[in-house]
Amino acid sequence: FHSKIDGYVKTGTVGTSTIELTDPRDQVVKTFFINTSSQQGAKISGIELAYEQPFGSSPFGFTSNVSRAKTKVDDGRPMVGASEWAGNLGLYFENDKASARLVANYRGEYVNSTTAPSPTANSQGMSTINGVLMPTAPTMAAPVTTLAFNASYNITPQLVLSFDATNLTNVKRAYYRYSEEEQQKLDVSGRQFYLNLKYKF
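Under the numbering used here, the first residue of the sequence shown is numbered 758, with each subsequent residue one higher.
Among these hints, one or two may not hold up.
[Stated by the list, open to error] With a straight-line Cα cutoff of 25 Å, these simulated BS3-like cross-link-like pairs (lysine-lysine) come out:
(1) Lys761 / Lys800
(2) Lys761 / Lys854
(3) Lys955 / Lys854
(4) Lys929 / Lys957
(5) Lys854 / Lys957
(6) Lys942 / Lys929
(7) Lys929 / Lys829
(8) Lys827 / Lys787
Since the hints were derived computationally from the structure, they do not count as laboratory data.
Please take these sequences and the hints and turn them into a complete structure.
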């Protein structure tokens, strides 16, 4: 697959326009800077492979999927939110009456923010530290593997009972800058369970 994006919005702001406004806190006219987001070109290219195999004539089988994607932004910085590697592997059972699936999903690390939260960081991601201009490390999201399960049972042709469970292993996603050992934060969603009863008219 290949995709070209003409209006990719870059993290950070550019522009030096100003406007004179009255500050409502003290009624004094002050100069405020107007920052505007910049847009540029970006490309995503990659490959995705999928394979499914039933176990003979039984209702059991497995599914698999893997993808690799490379991204490129005009200014040279990585694309936010794009993992290079992703994939899943699942086992299933399915017949006319019931179905069940257990799937492991993997998502590789990705850039969460290309400009670190520094007051001196400019739109190119550079910061002045001790008088020296140097690259500001992006905030990265660590790779995770999650486990999900879903099952359904046809009580009647119109009435279906289903159960879904996500993040069964209670995985937490870590965010870091220079090293995974120096975590900035953890995203904790916990295990989630859903029980549904659907009726088809």
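How the hints compare with the structure:
Simply put, Lys761 and Lys800 have alpha-carbon atoms about 5 Å apart, close enough for the 25 Å limit, and the pair holds. Among the hinted pairs, Lys761 with Lys854 is inconsistent with the structure: their alpha-carbon atoms are about 44 Å apart, more than 25 Å. Straight-line distance between C-alpha atoms of Lys955 and Lys854 comes to about 15 Å, which keeps the hinted pair within the 25 Å bound. With a CA separation close to 37 Å, the supplied pair Lys929 and Lys957 exceeds the 25 Å bound.
With a CA separation close to 15 Å, the supplied pair Lys854 and Lys957 stays within the 25 Å bound. Between Lys942 and Lys929 the alpha-carbon distance is near 10 Å, which keeps this suggested pair within the 25 Å criterion. With a CA separation close to 28 Å, the supplied pair Lys929 and Lys829 exceeds the 25 Å bound. Distance hint between Lys827 and Lys787 is unfulfilled; the C-alpha atoms sit about 46 Å from each other, more than 25 Å.
In the structure shown, a violation is registered for the earlier hints numbered 2, 4, 7, 8, in ascending order.
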